[in-house]
Amino acid sequence: MVRKNLPATQGEVKIRHVGYLELSEFYKWLKRWLEFNGYWDNSNEKFYSENITPSGKKIDIKWECKKEKTKYFVYHIDVVFLLIGVNKVEMQQEDRKIKIEKGDFEIRVNAYMEKKSEDNTLWKIYEKILLNKQIDRYLNDLADKTNTLIDEIKAVFNQYVQ
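The opening position of the sequence shown corresponds to residue 75 in the numbering used here, with each subsequent residue numbered one higher.
Hint data in this document are derived by calculation from the structure and do not stem from the laboratory.
Warning: the hint list may mix true and false statements.
Quick list of the computed label-pair ranges, beta carbon to beta carbon [to be verified]:
no.: 1; residue 1: Val235; residue 2: Lys162; range: 38 to 46 Å
no.: 2; residue 1: Gly159; residue 2: Asn116; range: 25 to 33 Å
no.: 3; residue 1: Asn125; residue 2: Asn194; range: 47 to 55 Å
no.: 4; residue 1: Leu204; residue 2: Arg77; range: 16 to 24 Å
no.: 5; residue 1: Glu188; residue 2: Val87; range: 14 to 22 Å
no.: 6; residue 1: Lys102; residue 2: Asn194; range: 40 to 48 Å
Straight-line Cα separation of at most 30 Å, DSBU-like style, residue types lysine-lysine; simulated pairs [stated by the list, open to error]:
no.: 7; residue 1: Lys132; residue 2: Lys173
no.: 8; residue 1: Lys207; residue 2: Lys190
no.: 9; residue 1: Lys190; residue 2: Lys140
no.: 10; residue 1: Lys173; residue 2: Lys198
no.: 11; residue 1: Lys228; residue 2: Lys143
no.: 12; residue 1: Lys78; residue 2: Lys202
no.: 13; residue 1: Lys120; residue 2: Lys162
no.: 14; residue 1: Lys228; residue 2: Lys171
no.: 15; residue 1: Lys176; residue 2: Lys131
C-beta: ideal position from N, C-alpha, C; glycine also.
Using the sequences plus the hints, can you model the full thing?
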């Protein structure tokens with residue numbers, strides 16, 4: 075079996091927000107989004123690091139999420155959290171005070187499709203003649219799903235713009 079990765083986005087997309095964010099709620103929301111769309115299982119978190127610096131916490135997280143579309147095609151969405159200078163602060167929200175995080179929040183999203191194929195001439199002919207349009211449809215589907223995720227992350231970040 076030969077494996078090849080086909081990019082669904084033009085490289086890694088960076089979404090950055092400097093300011094306030096309810097980090098634990100954002101984390102849960104993003105995890106639920108991936109779970110609802112079939113990409114999440116409990117082994118997705120590949121890396122977690124949290125360090126205390128003079129300016130606040132520095133948090134690095136890497137998720138490698140995948141969804142098997144067919145026996146031969148697997149969608150991948152990788153999410154990297156780069157959070158710098160994260161500090162808890164109190165904020166007035168209507169009639170009550172809430173604790174919220176303030177910092178530099180960067181999320182990186184990368185999507186690609188893994189193509190598994192047989193290593194024989196007949197399969198290569200089948201792939202070139204019949205599967206090309208299907209591969210394009212799958213890549214477009216993954217790109218659309220990834221762009222939706224990116225837009226929704228931006229929308230969440232925009233809720234905290236003052």
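Hint-by-hint comparison with the structure:
1. Val235 with Lys162: 38 to 46 Å: Because 20 Å falls outside the window, the suggested range is violated.
2. Gly159 with Asn116: 25 to 33 Å: holds, 30 Å
3. Asn125 with Asn194: 47 to 55 Å: Holds, since Asn125 and Asn194 (Cβ atoms, about 50 Å apart) stay within the stated range.
4. Leu204 with Arg77: 16 to 24 Å: holds, 20 Å
5. Glu188 with Val87: 14 to 22 Å: The hinted range 14 to 22 Å holds for Glu188 and Val87, with Cβ atoms some 19 Å apart.
6. Lys102 with Asn194: 40 to 48 Å: Once the Cβ atoms are compared, 46 Å apart, the range 40 to 48 Å for Asn194 and Lys102 holds.
7. Lys132 with Lys173: holds, 18 Å
8. Lys207 with Lys190: holds, 16 Å
9. Lys190 with Lys140: holds, 14 Å
10. Lys173 with Lys198: This hinted pair is violated, its Cα atoms lying about 57 Å apart.
11. Lys228 with Lys143: holds, 27 Å
12. Lys78 with Lys202: Cα-Cα ~15 Å, so holds.
13. Lys120 with Lys162: Measuring from Cα to Cα gives roughly 26 Å; hence the hint holds.
14. Lys228 with Lys171: It holds: about 25 Å lies between the C-alpha atoms, which stays within 30 Å.
15. Lys176 with Lys131: holds, 10 Å
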